[in-house]
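Line by line, the protein sequences give chains A and B. With the numbering used here, you'll find the first sequence wraps up at 151, consecutive numbering, no jumps. With the numbering used here, you'll find the second sequence wraps up at 286, consecutive numbering, no jumps.
Keep in mind that the hints were calculated from the coordinates and are not lab data. Even for Gly, the Cβ is constructed at its ideal location relative to N, Cα and C. No false leads were mixed into what you were given.
Simulated restraints on C-beta separations: (1) B:Ser-180 x A:Ser-120: 24 to 34 Å; (2) A:Gln-107 x B:Pro-286: 40 to 50 Å; (3) A:Asn-99 x B:Thr-176: 12 to 22 Å; (4) A:Leu-123 x B:Lys-240: 38 to 48 Å; (5) B:Glu-229 x A:Ser-119: 42 to 52 Å; (6) A:Leu-123 x B:Ser-251: 40 to 50 Å; (7) A:Gly-138 x B:Glu-237: 17 to 27 Å; (8) A:Thr-53 x B:Glu-229: 39 to 49 Å; (9) A:Leu-151 x B:Ser-174: 26 to 36 Å.
Below, a list of computed lysine to aspartate or glutamate pairs in the DMTMM-like style, where the Cα atoms sit at most 25 Å apart: (10) B:Lys-220 x A:Asp-41; (11) A:Lys-49 x B:Glu-259; (12) B:Lys-249 x B:Glu-237; (13) B:Lys-240 x A:Glu-139; (14) B:Lys-220 x A:Glu-139.
A few chain B residues that face chain A, going by a derived Cβ cut-off under 7 Å, partial list only: (15) Gly-214; (16) Leu-215; (17) Leu-217; (18) Lys-220; (19) Gly-271; (20) Lys-273; (21) Phe-276; (22) Gly-278.
So you can see what is in the structure, the chains are spelled out below.
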Amino acid sequence: DSGVTQTPKHLITATGQRVTLRCSPRSGDLSVYWYQQSLDQGLQFLIQYYNGEERAKGNILERFSAQQFPDLHSELNLSSLELGDSALYFCASSVEIGEQFFGPGTRLTVL
Amino acid sequence: AQSVTQLDSQVPVFEEAPVELRCNYSSSVSVYLFWYVQYPNQGLQLLLKYLSGSTLVESINGFEAEFNKSQTSFHLRKPSVHISDTAEYFCAVSMIKAAGNKLTFGGGTRVLVKP
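Next up, chain B with everything else stripped away, as it sits in the complex:
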């Protein structure tokens, strides 16, 4: 079985400041890692993913996340946030080579960007 822990349930941050959202996972097998974003009253959108290769992955809107296998972490960072980044962010894992590839989600981190 696997589990995902997002250490911060809420993160207030000022516009143009950096933000880091922490994600740790536990799994007995290798996993794929994802960050999803949920804007108010909307569904989940994929922000970025780690399947293999370079441990640093980037999104088109300035977010990046680094897979750290020894620390079983996949923290999300953005050097300068915008008001439009206000949303809830979910870290998720799925097991490699499992029958089915269900996502196991963390509890989410609400980011509130203040002007």
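Just chain A, same shape as in the assembly:
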């Protein structure tokens, strides 16, 4: 158990819909990262928050957004969903420098 929690574990929805994925980092970790894992793209960095502020952005689509709240949990919002958004979405957390600890992931299926 990494100490990072993600909900829900599975999500099945339809094209055009909007979903919210939730992540709680390890106690004491200020940084939260979101990654997408898909068969065609592999593991891709989406976005990082540090203590409530956006710190780095990857190839995140404009339809996707994220935020980190004062209690340090984070949410990833995916809207106008397309079939190609089906993937595993991982959240990770870390202290300032060093390894990242990954949650179990949310498997999103868009039908």
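Add chain B to chain A, keeping to what the hints say.
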């Protein structure tokens, strides 16, 4: 920008045989290096990391990796694998002194240990 190449997408290996997973990276700046393992239907777990110091790093379950700066490589080895080592292994880098320390991953190597 940085990139990571894992040269083998799949590696079948017999139980108790040695295994080597190759990882090469490209970066214009110095990087930290990591190996993560993903067991079926699970998240990623850190296997080992190189931040500084000795270029040979070891994990508690018998894996080791050696950082070779001149060859920009960070190959992972285990002298004798177990069935339980069946998993997908990801090499990753993050830039030192960057704003944010996102991980850039290789494409992964699936290790299938056969009895």
